[in-house]
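Protein chains: 2
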Amino acid sequence: TVPDYASTSKELAPSRASQIMKYGFPGFDNLRTYEDFVLSYDRKTRTAHWVCEHLTPDRPDESVHKYFQSRNEDYKGSGFDRGHLAAAGNHRRSQSSVDQTFLLTNMSPQVGKGFNRDKWNCLEKYCRGRAKKALNTYILTGPLYLPRKELDGSLYVKYQVIGANHVAVPTHFFKVLLLEIAPGNFEIEYYMLPNQPIDDSVELTSFLCVPELIERSAGFLIFADLPKNQVKKINRKGTGFW
Amino acid sequence: TVPDYASTSKELAPSRASQIMKYGFPGFDNLRTYEDFVLSYDRKTRTAHWVCEHLTPDRPDESVHKYFQSRNEDYKGSGFDRGHLAAAGNHRRSQSSVDQTFLLTNMSPQVGKGFNRDKWNCLEKYCRGRAKKALNTYILTGPLYLPRKELDGSLYVKYQVIGANHVAVPTHFFKVLLLEIAPGNFEIEYYMLPNQPIDDSVELTSFLCVPELIERSAGFLIFADLPKNQVKKINRKGTGFW
Ligand SMILES: [Mg+2]
Ligand SMILES: [Mg+2]
Numbered sequence: 052t053v054p055d056y057a058s059t060s061k062e063l064a065p066s067r068a069s070q071i072m073k074y075g076f077p078g079f080d081n082l083r084t085y086e087d088f089v090l091s092y093d094r095k096t097r098t099a100h101w102v103c104e105h106l107t108p109d110r111p112d113e114s115v116h117k118y119f120q121s122r123n124e125d126y127k128g129s130g131f132d133r134g135h136l137a138a139a140g141n142h143r144r145s146q147s148s149v150d151q152t153f154l155l156t157n158m159s160p161q162v163g164k165g166f167n168r169d170k171w172n173c174l175e176k177y178c179r180g181r182a183k184k185a186l187n188t189y190i191l192t193g194p195l196y197l198p199r200k201e202l203d204g205s206l207y208v209k210y211q212v213i214g215a216n217h218v219a220v221p222t223h224f225f226k227v228l229l230l231e232i233a234p235g236n237f238e239i240e241y242y243m244l245p246n247q248p249i250d251d252s253v254e255l256t257s258f259l260c261v262p263e264l265i266e267r268s269a270g271f272l273i274f275a276d277l278p279k280n281q282v283k284k285i286n287r288k289g290t291g292f293w
Numbered sequence: 052t053v054p055d056y057a058s059t060s061k062e063l064a065p066s067r068a069s070q071i072m073k074y075g076f077p078g079f080d081n082l083r084t085y086e087d088f089v090l091s092y093d094r095k096t097r098t099a100h101w102v103c104e105h106l107t108p109d110r111p112d113e114s115v116h117k118y119f120q121s122r123n124e125d126y127k128g129s130g131f132d133r134g135h136l137a138a139a140g141n142h143r144r145s146q147s148s149v150d151q152t153f154l155l156t157n158m159s160p161q162v163g164k165g166f167n168r169d170k171w172n173c174l175e176k177y178c179r180g181r182a183k184k185a186l187n188t189y190i191l192t193g194p195l196y197l198p199r200k201e202l203d204g205s206l207y208v209k210y211q212v213i214g215a216n217h218v219a220v221p222t223h224f225f226k227v228l229l230l231e232i233a234p235g236n237f238e239i240e241y242y243m244l245p246n247q248p249i250d251d252s253v254e255l256t257s258f259l260c261v262p263e264l265i266e267r268s269a270g271f272l273i274f275a276d277l278p279k280n281q282v283k284k285i286n287r288k289g290t291g292f293w
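Protein chains in written order, with full-length UniProt numbering: chain C, 52 to 293; chain L, 52 to 293.
Wrong hints could be hidden among the right ones.
For the chain C half of the interface with chain L, some residues (derived, Cβ under 7 Å), not all of them [claimed, not checked]:
| no. | residue |
| --- | --- |
| 1 | R83 |
| 2 | R94 |
| 3 | L206 |
| 4 | V212 |
| 5 | D251 |
Restricting the straight-line Cα-Cα distance to at most 27 Å, the calculated cross-link-like pairs of lysine-lysine (DSS-like) are [claimed, not checked]:
| no. | chain 1 | residue 1 | chain 2 | residue 2 |
| --- | --- | --- | --- | --- |
| 6 | C | K284 | L | K127 |
| 7 | L | K209 | C | K127 |
| 8 | L | K127 | C | K117 |
| 9 | L | K73 | C | K117 |
| 10 | L | K164 | C | K73 |
| 11 | C | K200 | L | K73 |
| 12 | C | K117 | L | K117 |
| 13 | L | K288 | C | K200 |
| 14 | L | K164 | C | K200 |
| 15 | C | K209 | L | K200 |
| 16 | C | K164 | L | K209 |
| 17 | L | K209 | C | K200 |
| 18 | L | K284 | C | K117 |
| 19 | L | K117 | C | K200 |
| 20 | L | K279 | C | K209 |
| 21 | L | K279 | C | K117 |
| 22 | C | K209 | L | K284 |
| 23 | C | K279 | L | K209 |
| 24 | C | K209 | L | K73 |
Estimated spans, in silico, between C-beta atoms of each pair [unchecked claim]:
| no. | chain 1 | residue 1 | chain 2 | residue 2 | range |
| --- | --- | --- | --- | --- | --- |
| 25 | L | K127 | C | K127 | 42 to 48 Å |
| 26 | L | G165 | C | A139 | 29 to 35 Å |
| 27 | C | E201 | L | G165 | 21 to 27 Å |
| 28 | L | A139 | C | G204 | 49 to 55 Å |
| 29 | C | K164 | L | K279 | 44 to 50 Å |
| 30 | L | K284 | C | P248 | 51 to 57 Å |
| 31 | C | A275 | L | K127 | 28 to 34 Å |
If you are wondering where the hints come from, they were derived from the structure by calculation, not from laboratory data. Values in this document were obtained by computation on a predicted structure and should not be read as measured data. We put the beta carbon where it would ideally sit given N, CA and C, even for glycine.
Given the sequences, and given the hints that come with them, work out the whole structure.
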C-alpha cells in the first residue's frame, strides 16, 4: 500500500502536492511545494505558518529573499535547536526528500533537551508508528504564539527572537495527525505542546486538545475539506457521529 | 487629473486592483480587493498585514471566517481606538468606498489620544495634501511588531491582544507614501511610528526611516516593481542616483 515515489519525475510534482494537500490548504501565504511536503512560510517570523506531510509507508532556502531568510548563524549560540517541522524520518524515499526537510524554512527554534530531543521526538515517532498501519497519513505541523495573562490583567503575546534575522521562537507547537485507517474511515488527533522542557513521565495524550484552540491561534482551518462523517475517532475517542 | 471612478462598473474592479498594486504586491496572504483599496489580512493577528491605496485626487467583514474576525466588541473597553489603515478620508469617491474603509479588516487597535487622533492623523492629512498635487499617489500602510531587548539581554516581541478574538495591538505602524510627481518622476517616503501617545511638538520627519527597517520586520518588500531610476527623492531628500 506504499506507492513508490522514488522514481517520480519532476512533471508529477504538482500532483504530489495535491495528494499531500487533499483535505485542504490552511492558507496560501508563501507556499513551497517540496518533493514530499508542502509548507507555508511566514516571512515575518522567519519560520513556517504550517507544514503538511503525507505518509504512505541544513542549508538556507535560497528561494526566500535574503531579508526574510533564517540562517544557521541565527540559531548558533541561541540555546535553541533547529527543530524540524516536517520530520526528516518521514521522508526517506529519496535523498533529496530528506535533504529538503533540512531547509531552514522547515526549521523552528525548539528547546532541545526535554522537547525537540524528547517529548516532541516521541510525538514524531508515534505518528510514524501509526502511519505504518494506515492507508494514508497526513500530518500538519506548525508553530503557535499564544497569549498569556500578565499581572496587569491584560493578555500579551510574547516570544523571543534570535539572531540577526530575528527568527521567532514559538511559544508552542501543534501537530495534527490524520489517519485513513480504511477507505472512508478516518481518525484525527490534535496535539499542542509548549516549547519547553517536558518531563518524560507526562503522557502524549495530555497534549491532545480541541481543534478550535489550534485553529483560532494559528489563524487557519485544518483539513477543512475532510468529510466530517468519515471521521470515526477524534483525539483517540470514538465519535458517535460528527 | 483625478479620474472619476464613481461610475466604475463592477466589471472594472480587477483593473482597479491592478492600478492600485501597480508597483508590486508585498504578498498574497488573504487578499481582499475592495473597490478602492487592496488589503492582505493576517488571520493570526486579526488585523491586516498591509493595506495599499491609490489616490488620484464600522462593520465586521463577513468574508472572513468567524474564527478569524475581529469584532467591535473586541475593541470595546480595551482603551484602544479602531484605527483605520486605509484612511476613510482618502476614499470619498462613493459611499461604498468610504464604507469599505470601515470594515474591521481595515482596522487596527491604535492608541487614541496622541496617536490615532493626533500624530497618525497628521500623517494621513499630510499624505492627502501631497496627493492633491501629484499625478498618482500610492500609500502602503500596516502594523509592525518590533522586538525589544529585555533585562536578560535577549530580544522579545511582545504585544497585547484584546477582546475574545485576541486582536493584536501592533507596537508600531508604517506608512509608505509613493508620489508620481510627473511622468517617470517619483518621490517616496517611509514612515514608522510607535503606537504610543506622541507629543504634538515632534515633527513627522523624525519618523522617516530606511525601507529595510520596515521590510525586514513586516516580512515583505515594498513597491518592489517600482523602477528605481525614476525615484528622484527618498525621505524628502534628492537621490543623485538610485
Ligand atoms: Mg526534531
Ligand atoms: Mg484614524
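Tested hints:
1. R83: Constraint on C/R83 not satisfied, violated at 14 Å.
2. R94: The hint holds - C/R94 has a Cβ within 7 Å of chain L, the shortest such distance being about 3 Å.
3. L206: holds, 5 Å
4. V212: With a closest approach of 5 Å, the C/V212 hint holds.
5. D251: Nearest chain L Cβ about 28 Å off; hint violated.
6. C/K284 <-> L/K127: violated, 40 Å
7. L/K209 <-> C/K127: Status holds; Cα separation ~23 Å.
8. L/K127 <-> C/K117: violated, 40 Å
9. L/K73 <-> C/K117: The given pair, whose Cα atoms are some 23 Å apart, holds under the 27 Å limit.
10. L/K164 <-> C/K73: Violated, at roughly 49 Å.
11. C/K200 <-> L/K73: Not OK: C/K200 and L/K73 at ~43 Å, beyond 27 Å, violated.
12. C/K117 <-> L/K117: violated, 35 Å
13. L/K288 <-> C/K200: Violated: L/K288 and C/K200 sit about 45 Å apart, past 27 Å.
14. L/K164 <-> C/K200: holds, 25 Å
15. C/K209 <-> L/K200: With a Cα-Cα distance of about 12 Å, the restraint between C/K209 and L/K200 holds, given a limit of 27 Å.
16. C/K164 <-> L/K209: holds, 25 Å
17. L/K209 <-> C/K200: Within the cut-off at roughly 12 Å; holds.
18. L/K284 <-> C/K117: Holds. L/K284 to C/K117 sits at ~26 Å (cutoff 27 Å).
19. L/K117 <-> C/K200: holds, 23 Å
20. L/K279 <-> C/K209: Violated: L/K279 and C/K209 sit about 37 Å apart, past 27 Å.
21. L/K279 <-> C/K117: Given that 27 Å is the threshold and the Cα spacing comes to 19 Å, the pair holds.
22. C/K209 <-> L/K284: Measuring from Cα to Cα gives roughly 38 Å; hence the hint is violated.
23. C/K279 <-> L/K209: Given pair C/K279, L/K209 is violated - Cα atoms ~37 Å apart, limit 27 Å.
24. C/K209 <-> L/K73: Judged against 27 Å, a Cα distance of about 36 Å means the pair is violated.
25. L/K127 <-> C/K127: 42 to 48 Å: Distance hint for L/K127, C/K127 holds at roughly 46 Å.
26. L/G165 <-> C/A139: 29 to 35 Å: At roughly 51 Å between Cβ atoms, C/A139 and L/G165 fall outside 29 to 35 Å, so the hint is violated.
27. C/E201 <-> L/G165: 21 to 27 Å: This hint holds: roughly 23 Å between Cβ atoms.
28. L/A139 <-> C/G204: 49 to 55 Å: At 32 Å between Cβs, range violated.
29. C/K164 <-> L/K279: 44 to 50 Å: Holds: the Cβ-Cβ distance is about 48 Å, inside 44 to 50 Å.
30. L/K284 <-> C/P248: 51 to 57 Å: Holds, since L/K284 and C/P248 (Cβ atoms, about 53 Å apart) stay within the stated range.
31. C/A275 <-> L/K127: 28 to 34 Å: Holds, at about 30 Å.
Checked against the numbered hints given earlier, this structure breaks hints 1, 5, 6, 8, 10, 11, 12, 13, 20, 22, 23, 24, 26 and 28; the rest are met.
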